Amino acid sequence: MEPCLLNELQLDAIREICNIGMGHAATALSHLLNTRIEAGMPSVHLLALGQVHEFIGGAEQPVVGIMFRMTGDADGLLALIFPHDCALRLISHLTSSTVTAGHALSEFEASAITEIGNILVSAHLNAISKLLNLTLLPSIPSLLLDMAGAVLDPILTRQCSDGDISLFAQAEFNAVGSGIAGMFFMIPDPDSLQLILQASGTLDA
Amino acid sequence: MPDIRVVGIGEYLTAQAPVQIAAYGLGSCAGVAIYDTVTGYGALAHSLLPSPPPGSSRYRSARYTDIAIQLMLEQLIKSGCDTSTLVAKLAGGAAMYDGLYREGETGIGERNTYSARETLVKLSIPIAAEDIGGTIGRSMIFDLKSGLITIRTLHHRDTIL
Chain W
1 MEPCLLNELQ LDAIREICNI GMGHAATALS HLLNTRIEAG MPSVHLLALG QVHEFIGGAE
61 QPVVGIMFRM TGDADGLLAL IFPHDCALRL ISHLTSSTVT AGHALSEFEA SAITEIGNIL
121 VSAHLNAISK LLNLTLLPSI PSLLLDMAGA VLDPILTRQC SDGDISLFAQ AEFNAVGSGI
181 AGMFFMIPDP DSLQLILQAS GTLDA
Chain S
1001 MPDIRVVGIG EYLTAQAPVQ IAAYGLGSCA GVAIYDTVTG YGALAHSLLP SPPPGSSRYR
1061 SARYTDIAIQ LMLEQLIKSG CDTSTLVAKL AGGAAMYDGL YREGETGIGE RNTYSARETL
1121 VKLSIPIAAE DIGGTIGRSM IFDLKSGLIT IRTLHHRDTI L
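In the order they appear, the protein sequences are chains W and S.
For the first sequence, our numbering gives the first residue as 1, with consecutive numbering after it.
For the second sequence, our numbering gives the first residue as 1001, with consecutive numbering after it.
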């Protein structure tokens, strides 16, 4: 299903699904960091390929991306993207240690942030699974610290093989008073998008 | 200040010296530069996929590496360039995430590189230099005055192609 053919009701359904998933992920993060987490209302964007880089704040911006494949009843990609400085603050907050400067993570730091990703994504998918009565599982995470454009390539590659429009279900979250913010993306494959709409009762809406 | 024009993902640009053309944050994407050593005309593409899927209705898009190269060549010839004085340089084509894909899906970066090489050979444009593969993102800044390309990454010092 082409994302550009979605109607308002269907976009609303996706927004609501993400909202519930994000709520659970935010609670998990809040327990982990022992701080209050504000999860922004998720937004759903249909972006032309050429707009994506601008949307995420520039192709060269250094980010930490934790990417998962969604498997089970529906396929797709899940991505957590932190600006580099936020990722470092998050790691330092979690491990109560100072982090290395420069564009490399130590093994310990990489492992810590990957685990944060794991916890958030699992909480998110669990909630959505229950809501839609689908089995949705995250794969093993892949971690990257690189330019935002390069980190996002796999998402665009999957979405834009025959179309120009990329569906971004995106949510931002902020750890209050800690300067930690990140973005969460859920990108279902076209067939799986159809399945998710069906499970939400809006496929023929 | 140099006049730097940015090629967005899935796009290409042609220009003439002293302009610089840049493609930022190439991961598995292919960055293909073609330069005319005589006129100082050059083109740069930032392509996402190796080639259009069979039966695609929108195949004339620079988001496909092979089509991008053809489009750039057409444009350069229109600007008065001669195919015999063109050279190409490649960057990008990295394998950003291992283990993310299903079987048979691996290697978009590698396939982009392969598609670029194959298309350039077919069009008799020699490849003068490459910085491809690996697991890092790259930016290309293509200086049409010299034909040289600066490769910028987060992890290494700049290199010149």
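Any given hint could be a false lead.
Unchecked claim - Only part of the chain W face toward chain S is listed, based on derived beta-carbon distances under 10 Å: (1) Thr27; (2) Ala28; (3) Leu46; (4) Leu49; (5) Gly50; (6) Pro83; (7) Ala104; (8) Leu143; (9) Leu145; (10) Ala150; (11) Leu152; (12) Gly201.
If you're looking for bench data, these hints aren't it; they were derived computationally from the structure.
Just so you know, these numbers come straight off a predicted model, no measurement behind them.
Every residue gets a Cβ at the ideal spot worked out from N, C-alpha and C, and that includes glycine.
Quiz item: Against chain S, with CB atoms and a cut of 10 Å, does the hint on alanine 150(W) hold up?
Solution: 3 Å, holds
Practice problem: Hold the hint about leucine 143(W) up to the distance rule: shortest CB distance to chain S must be less than 10 Å. | Solution: 9 Å, holds
Quiz prompt | Residue hint alanine 28(W), partner chain S, criterion CB-CB below 10 Å | solution = With a closest approach of 23 Å, the alanine 28(W) hint is violated.
Quiz item: Holds or violated: glycine 50(W) as interface residue toward chain S, Cβ cutoff 10 Å?
Solution: 4 Å, holds
Self-check item: Satisfaction of the threonine 27(W) interface hint, Cβ to chain S closer than 10 Å
Solution: 27 Å, violated
Quiz prompt | Hint check, alanine 104(W) versus chain S [nearest Cβ-Cβ separation less than 10 Å] | solution = Given a least distance of 7 Å, the restraint on alanine 104(W) holds.
Quiz item: Does the CB of proline 83(W) sit less than 10 Å away from some CB of chain S?
Solution: Where the cut-off is 10 Å and the nearest Cβ of chain S is about 13 Å from proline 83(W), the hint is violated.
Quiz item: How about leucine 49(W): closest beta carbon in chain S under 10 Å, or not?
Solution: Holds. Min distance 4 Å.
Self-check item: Evaluation of the interface hint that places leucine 46(W) against chain S, nearest CB under 10 Å
Solution: 16 Å, violated
Quiz item: Is the interface hint for leucine 145(W) satisfied, with its Cβ closer than 10 Å to some Cβ of chain S?
Solution: 7 Å, holds
Practice problem: Report holds or violated for the interface hint on glycine 201(W), using the least CB-CB distance to chain S and a cut-off of 10 Å. | Solution: Violated, because the Cβ-Cβ distance from glycine 201(W) to chain S comes to roughly 29 Å (cut-off 10 Å).
Quiz prompt | Hint validity - leucine 152(W) Cβ closer than 10 Å to any chain S Cβ | solution = 8 Å, holds
The structure fails hints 1, 2, 3, 6, 12 (numbered hints given earlier, in ascending order).
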